[in-house]
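Here the protein sequences come in this chain order: F and Z.
Take the first sequence: its letters are residues 1166 to 1918, numbered as in this note's numbering.
Take the second sequence: its letters are residues 57 to 211, numbered as in this note's numbering.
Fair warning: there could be bad hints in the mix.
Unchecked claim - Taking lysine-lysine pairs in the PhoX-like style, the calculated list, with each CA pair at most 20 Å apart, reads:
| hint | chain 1 | residue 1 | chain 2 | residue 2 |
| --- | --- | --- | --- | --- |
| 1 | F | Lys1418 | F | Lys1617 |
| 2 | F | Lys1481 | F | Lys1579 |
| 3 | Z | Lys88 | F | Lys1449 |
| 4 | F | Lys1775 | F | Lys1866 |
| 5 | F | Lys1418 | F | Lys1371 |
| 6 | F | Lys1459 | F | Lys1402 |
| 7 | F | Lys1867 | Z | Lys202 |
| 8 | Z | Lys202 | F | Lys1376 |
| 9 | F | Lys1376 | Z | Lys139 |
| 10 | Z | Lys88 | F | Lys1371 |
Derived by calculation from the structure, the hints in this document are not laboratory data.
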Amino acid sequence: MKNLQSHSRRDFLRSSALAGGGLMLSFSWFAEAKAAEKKPTLNNVEQWNELTAYIKITPDNTVKILCPNPEFGQNVMTSLPMIVAEELDVDWKNVVVEMSTHDNVKYGAQFTGGSNSVRMYWNPLRNAGATAREMLVEAAAQSWGVPASEITTKGGILAHSSGKSAKYGEMASKASSIPIPKNVKLKSPKDFSIVRNSKKNTEGLKVVTGKPLFGMDYHVDGMLIAMIQHPPAFGMKLKSFDASQALKMPGIKDIFSFKLYDDGFEQGGFDTRTSNEMIAIVGKSTWEVMNARKKIKAQWELTGDIKETMIGRGGKREVNIPGRLETTSDQLALMADYANGRNSAKPAQQYRKDGDPETAFKNAATVIERTYNAPFLAHNCMEPMNFFAHVSEDKALVAGPLQAPGWMEPTLAKILNLPADKIEIQMTRMGGGFGRRAYGQYVYEAARISQKLKAPIKLIYTREDDMTYGIYRPMYTATYRAALDANKNLIGFHIKGGGIPENPIHANRFPAGAIDNYLAEGWEIPSNITIGAFRAPRSNFNAAAEQSFLDEVAEAMGKDPIEFRLDLLKRAKENPVGKNNEYDADRYAGVLELLKEKSGWGKPENSGKKRGVAAYFCHASYAGHVVDMVMRDGQPYVEHVTSAIDCGVVVNPDAAINMIQGAVVDGIGNSFYGALTHKNGMAEQSNFHNYRMIRHNEAPKKIDVHFVQNDIDPTGLGEPPFPPVFGAVANALYKSTGKRYYNQPFLGEKNNS
Amino acid sequence: MAKYSLKINGKTQQIDVDPSTPILWVLRDHLKMTGTKFGCGMAMCGACTIHLDGNATRSCVLPVSAIGKSAITTIEGLSETGKHPVQQAWLEHDVAQCGYCQSGQIMSASALLKSNPKPTDEDIDNAMSGNICRCGTYLRIKEAIKTAAKTSNAK
Ligand code: FES
Ligand code: FES
């Protein structure tokens, strides 16, 4: 996802700044900060002295740090400010954190997703903190007439050996007139006193007291509530409707149909929409709107095949979307045809080839071939999709839960026909994201409705709307083949993967680079079912398939599964096959070693345990788990998990542990139960009574989390621990039941029959 | 439409709504008390949990006409400043990720502790399994409940 950028001029400015490194990016903020200095009235009113776009220091020594990135539970509102506070050298107790508004120019890309926030901001925020600190030091040096090099800082206090000292707040005004230093010195990791020390969630108190933090809680006077009636199935569209009865219901203001995009609209990568024409129901309160919606009599018809124009990644292109009404059993059969080459409409595309895999397989003494399948998954964020919009003639305010406001803004400008700088996007805390809120359909819907009514409205999806009109995790399949010679050496490896409508192939990841003869290929089946990023896209399937396949291969070779992987990684490190191997074999092996040690893998005291192991690389991090499974009331239960991760410097360890434990629970839940299936284009699950979510009593009793200790700049954290859970669970299931699980969800019907 | 007089967090509130309106929407839309969350609308997720005469109740399926004289407590009424032992324990264990489910979790947990001050793990499982946490904070929820049980009993 990190390569996806829209192409407005503002983004270009941001991108070039990022490409130039921290210093250049700093200048772009400081340009803004200087502009602010020219507005003394603003400073006087607020009593804030603005040093940079991120940091404000008050005379009473309170430091206000703006968090640039949307918060969806990954705790960036704590971890990003910690990075600033560390380099600024302030007392964490004096730091106040606020969510910034959306402004691409001031803050760069404000994007939460792709496990990017800490990675992306690590250097810029350290530089911002260190720069502000140096300016304060310089201000003190000038005031006291001493060299800056003799001034020390600690806990927001400037001090000099002569006994002079001052709080940052006392020097803040003067510091704002100091020229911006160029090459600021960053701390050595060994001197960190805030980073690497657990800090409590800065919004914790608001959460436990039920303060209005979320988009759902957003309210302004005169605001109306809106809901949408989408078509009942993928592949259907609105034909006509009769709202005469519904309009008579109490509290109802208006009911109308509207098109999301005008004809010929060029869709960016995150403009994915489940349908283009829908019915809006607007009224005074949620319950009234819900009830009126039921009284609408709508006729729907088939969309037929449609063409859409896409822009963004891959350039401008026409995409054909088939009109058929899809049913899961047909989808599975079609995938099997493609996998077997029976459907030659579109042959598989080759992504990587090393050596001579054909010959290796021809000469093999044993070939192991296994096929893995996984269904669509609904994100099921706890807070259903919603958005506030107030659009007037010449400007728009929209507010709500959004992972990527910067990507939505150009589309909003287009559909509202307003200049981008007349659109204000406020970011509320998100009740979960998992990739779903990177797609802005619900924002555009809200804006359209508000524009029509010329009133502030809040669009609310019910759980049913949210689940049945999703932007799902794609449906995937992959066939893995391993060639073993007579001495049971692994001499060839082949993955052929496909999906609806996207394949899962990561061609340059492990075990690519570790096997002489290697082939990766993939195919795709177009579909009208909308898909998008879901916590660690593609990886969340690959880690399940590949890691349970490797388990089976290790068994056939008579090797311990961890030792087998370590042998492959040794090969990849010492004598790598091919180029472009994405992973660092040392870091990968390091995680497996840590896992081995912490789980007591292979130790006699653990010999009776039904354990499965898996490790995976994604978002520049390495994560693995050992899962201990028991049978409870005839059902497999994951009782204990040992987790290891190498994500570089861990900014806020306790919060990181929370995130990893959550990823483990999420992985167990989705691998056991997660499935969104279709019948004639209609989602078969609509709420939590038929979409099973992991619950309190099903979570492990214990999840021990261990970090590889190093000083590498932070890499991803929110996603990497998620994918390997699937593989570890699959392998533990084999140990518990004697049966291999190839189809997700593992405890679904397909495996039980 | 019908007029109701409801006892919410120790105060009496007058409202005029359709009798079928669930208490969840009375709280959220009419009284602007948004601490109680909407998650599913069918008593499957627990996000909307309130106390009705001290018992954990799903407010999304409870019509206002069924309340009668019962007293309602919402997250805002548990302790506005977060001083309730369950809230304190939640902060101590830094339970929340996105936080959306946590009002409901806290309301279920505080009702449990009121009726069962020393719950076993199994008691906690039984009382808390109606509350989904999509972010997967279940382990911390359990720990926080145990901590709250200790601090409440110590008082
Ligand atoms: S909203 Fe009431 S139980 Fe889910
Ligand atoms: S903390 Fe996000 S749903 Fe529970």
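Structure-based check of each hint:
no., hint, verdict
1, Lys1418/F - Lys1617/F, "12 Å, holds"
2, Lys1481/F - Lys1579/F, "17 Å, holds"
3, Lys88/Z - Lys1449/F, "13 Å, holds"
4, Lys1775/F - Lys1866/F, "16 Å, holds"
5, Lys1418/F - Lys1371/F, "34 Å, violated"
6, Lys1459/F - Lys1402/F, "18 Å, holds"
7, Lys1867/F - Lys202/Z, "15 Å, holds"
8, Lys202/Z - Lys1376/F, "25 Å, violated"
9, Lys1376/F - Lys139/Z, "14 Å, holds"
10, Lys88/Z - Lys1371/F, "16 Å, holds"
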